[in-house]
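Construct the complete structure from the given sequences, taking the supplied hints into account.
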Amino acid sequence: MGSIFLSYRREDSEGQAGRLYDDLVAVFGPDSVFMDVAAIQPGRDFRKSIDQSLNSCGVFLSLIGKSWLTAKDTSGQRRLDDPADFVRIETGAALKRDIPVIPVLVQGASAPKPDQLPDDLKELAFRNAVELTHARWDSDIQLLIKALRLQISQPGPKPEPEPVHRGSKLTVTKSLAVVAVLLVILIGLAFYLRPVKKIAHRPANPPVENTTTSTAADSSLPEPIKRSPEKAVSPPTKTNAAPTGVEDFSLVARREPRADNPNRYTFTLSLDAPASVDDIARVHYDLVYDPNPLSLEGGPAPSFSAVYEGWGCYETVVVTVYLKSPGSQPLKKTFNMCKVLTY
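In terms of my numbering, the sequence shown is numbered consecutively and its last residue is 367.
In case anyone wonders, no lab produced these hints; they're calculated from the structure.
Wrong hints could be hidden among the right ones.
Claimed, not checked - With a straight-line cut-off of 25 Å between C-alpha atoms, the simulated SDA-like cross-links for lysine to any residue are:
1) Lys-90 with Pro-138
2) Lys-137 with Asp-105
3) Lys-72 with Asp-97
Claimed, not checked - Per label pair, the in silico range of CB-to-CB distance:
4) Val-301 with Phe-70: 31 to 41 Å
5) Leu-206 with Ala-171: 49 to 59 Å
6) Ile-211 with Asp-162: 33 to 43 Å
7) Asp-162 with Ser-274: 46 to 56 Å
8) Asp-69 with Glu-280: 38 to 48 Å
9) Gly-351 with Leu-206: 46 to 56 Å
10) Tyr-332 with Gly-132: 13 to 23 Å
11) Val-301 with Asp-143: 49 to 59 Å
12) Ser-134 with Gly-100: 17 to 27 Å
13) Val-364 with Lys-72: 41 to 51 Å
14) Ser-80 with Glu-280: 17 to 27 Å
15) Tyr-313 with Ser-163: 18 to 28 Å
Since the structure is predicted, the reported quantities are computational estimates derived from the model, not experimental observations.
All C-beta atoms in this analysis are idealised placements derived from N, C-alpha and C, irrespective of residue type, glycine included.
Here's what the structure looks like:
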């Protein structure tokens, strides 16, 4: 099975890329998904590393957000116009290999048009795209996974059957017949020669006779105790429940004005979990607002904090807590950040 190469631009869709990576790894495994060129060791030629990863991949996913086309470097040049741009190198190499290249649209972005792309990327405009939306993320992911299974699990050609020579076929048939006859003889001898054991039968307890008439002689005998039929007790069902207290987590939000612009703020989101944070693997924050949604990955324990800069708070923040226990389902809660915000 070929691997999945996930290409994205950090300043454009880093949050969605991390979420998509986690969902793909949960299905295909960490060895089948390559995401970040940051994993390339210092000193290595990143072009060769990208080529090596692309040579082993079966599908290329190009994650496209609202600024994927227009992102610029410090000099003001559009990044896609730079021949050394990571995204351009990755996408161009995948198109040359003629493997499935799927544009994945996030943040409500539109598919790029040919006249918006460099010459070596124009082919991307003709590849059928899929869309991942925040409101339908789970269902959209399932559709993408279904399409990926078809692309990277294509069965190879069936091996041709080995030729069977007529002479060898007859020999095998005769051998099987001889074995069958020997088995019948051995089974018959074993049955005929087996020792016969005499089993001494102990007398059973005499049955209690039920009579419909009562006499003075038997009136002193106790009546037989009638037992109600026992009900079968089903074994307890094992469930991968969350550790006690983890589901009681809450959102903590702080706001601090920036020194260079008092009207702009630095917002910090963190988690308040009454149970031990050792049960929590990671935390993800989805800040829902159609004009400018944010998807933030929480930092390390114990606070799992995430930071963003802006003008105001989000009324809808979906917090997803991933647990360490195998097989456990993520816990999700929705908070109004503006109500829990402290200054």
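Failing hints, ascending? 6, 7 and 14
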